[in-house]
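Engineer: One-letter residues, chain by chain:
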Amino acid sequence: MTLVLGGAASGKSAWAEGHVKTLGLPMIYVATAQALDDEMSTKIAAHRKGRGAGWETVETPLDPAAALRGLPADRAVLVDCATMWLSNLMLNEMETEPAVDGFLAALAASPAQVTVVSNEVGQGIVPDNALARRFRDAQGRLNIRLAAQADRVVHVVAGLPNVLKGEI
Amino acid sequence: MTLVLGGAASGKSAWAEGHVKTLGLPMIYVATAQALDDEMSTKIAAHRKGRGAGWETVETPLDPAAALRGLPADRAVLVDCATMWLSNLMLNEMETEPAVDGFLAALAASPAQVTVVSNEVGQGIVPDNALARRFRDAQGRLNIRLAAQADRVVHVVAGLPNVLKGEI
Amino acid sequence: MTLVLGGAASGKSAWAEGHVKTLGLPMIYVATAQALDDEMSTKIAAHRKGRGAGWETVETPLDPAAALRGLPADRAVLVDCATMWLSNLMLNEMETEPAVDGFLAALAASPAQVTVVSNEVGQGIVPDNALARRFRDAQGRLNIRLAAQADRVVHVVAGLPNVLKGEI
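Protein chains in written order, with the UniProt record's numbering: chain A, 1 to 168; chain B, 1 to 168; chain C, 1 to 168.
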């Protein structure tokens, strides 16, 4: 498993897509974003355009683990992104810890080549509101667990990879 | 071209100034900040003091590309910073994309040794207000384009350089 | 002296604790956090549980320098964290510059093996309120000074160390 971390508009998704394409396998895009407003719709359309053709897309705002189950080894999967998924869980007032356990178990069990994109959100000033602080902590814990389990971890800054674990 | 990225108060400007000084060429400081209030005036004065003597200064809040045109190869130029410039464009409700195209073209065309300072602003929590989110996205895209064109990219953290591209 | 930087919930404290344990010396935990509300109490309890047994704890919200004075060379000290301390100084409207001078002098004078944890807070969008901006600048300057004096600087992202200075 490969974890691709990065800030907002850091080029992390584009870098991850390029990485997945190099694997030379049939590609599956596991999308967790939901077009709930115009801003998100525009973002999703821009991402889809940037990604290009050649992807089978699975939309799963709440259960990316389900999309991983049963996939054969000769698939390259991009989960984009863990942050949207976590945000969807919290907006739906679902428990995050069991969901994260399930996602990590599905990643460990999958024979496919899986790349997970996630946001770095903890390097700014402490947010004013308590929900944002809770989200920041949950995202940090999720990233730590994903990174511990990953074979490769890349931190993307301005489109450039900084390898934190493994070899790319 | 060298791109120096970093957070607020990360020491990125001081590092960039030190880098420019090592080039041993007549130095030009292209300043994009404007002293619109006391907080900015104090910041600008502190930066000027830290920078020391030996710089020719060009103030250009909206058009750093103009300051680059016509400069000979034996000049070391520091553009500080792309973030202030982008912010000035947006505050003046100017289109950012054509301006960025023009700046990148001027950088590519210049025979001078140019170093550009820019902020990393995307590693905190999602901002509440839409303008801040738009700025964050525009800044991220600008950094990606600058980094793609740069020969060297350095991410400064606590005054220390983390080289992301090229050799320093 | 070792400086461990990282965002919120980045795993910086856990990494720093692991580093201190490898030194094989009696361990002293210099705590600057105060349980002023339930959120902080919960955080402190979780950190204490994660840290495990084997630490002598010194609580000092305002003067970590005092905790360093007089310690012998065969002690491994963890100051966690410089950010809470700086925040406590500012909340108590105390001057930060002389306090930082004193802390850096105590670090330089101590024969003990000292590790300092500090937050990276400058890589998000510019905060709305002036106090947050002042804090961000003070934190940045403190990190730069700590990093300049440190023998080793590590930036922790998702629990993984990115070495910026020295060898780990």
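Hints are not guaranteed to be accurate.
Identical copies carry no separate label here, and so any pair may be met within one copy or between two of them.
Taking lysine to any residue pairs in the SDA-like style, the calculated list, with each CA pair at most 20 angstroms apart, reads [what the hints assert, rightly or not]:
id: 1; residue 1: 165; residue 2: 35
id: 2; residue 1: 49; residue 2: 70
id: 3; residue 1: 21; residue 2: 61
id: 4; residue 1: 165; residue 2: 19
id: 5; residue 1: 43; residue 2: 134
id: 6; residue 1: 165; residue 2: 51
id: 7; residue 1: 21; residue 2: 109
Please keep in mind that the hints were generated in silico from the structure rather than gathered at the bench.
Engineer: Are the hints correct? Go through all of them and say.
Structural biologist: Now for the hints, and whether the structure bears them out:
When the C-alpha separation of residue 165 and residue 35 is checked against a cutoff of 20 angstroms, the pair qualifies neither within a copy, at 33 angstroms, nor between copies, at 35 angstroms. For the homomeric pair residue 49 and residue 70, neither the shortest alpha-carbon distance inside one copy (28 angstroms) nor that between copies (38 angstroms) is at most 20 angstroms. In this homomeric assembly, residue 21 and residue 61 never come within 20 angstroms of each other (Cα to Cα): the closest approach is 23 angstroms inside a single copy and 41 angstroms across copies. Proximity of residue 165 and residue 19 under a CA criterion of 20 angstroms is satisfied in both settings, with 15 angstroms inside one chain copy and 18 angstroms between copies.
With identical chains, the CA atoms of residue 43 and residue 134 are at most 20 angstroms apart between copies only, with a shortest distance of 11 angstroms across copies and 25 angstroms within one. In this assembly of identical chains, residue 165 and residue 51 lie within 20 angstroms of each other by CA distance neither inside one copy nor across copies; the values are 25 angstroms within and 24 angstroms between. For the homomeric pair residue 21 and residue 109, neither the shortest alpha-carbon distance inside one copy (22 angstroms) nor that between copies (33 angstroms) is at most 20 angstroms.
Hints 1, 2, 3, 6, 7 from the list above are not met by this structure, while the remaining hints are.
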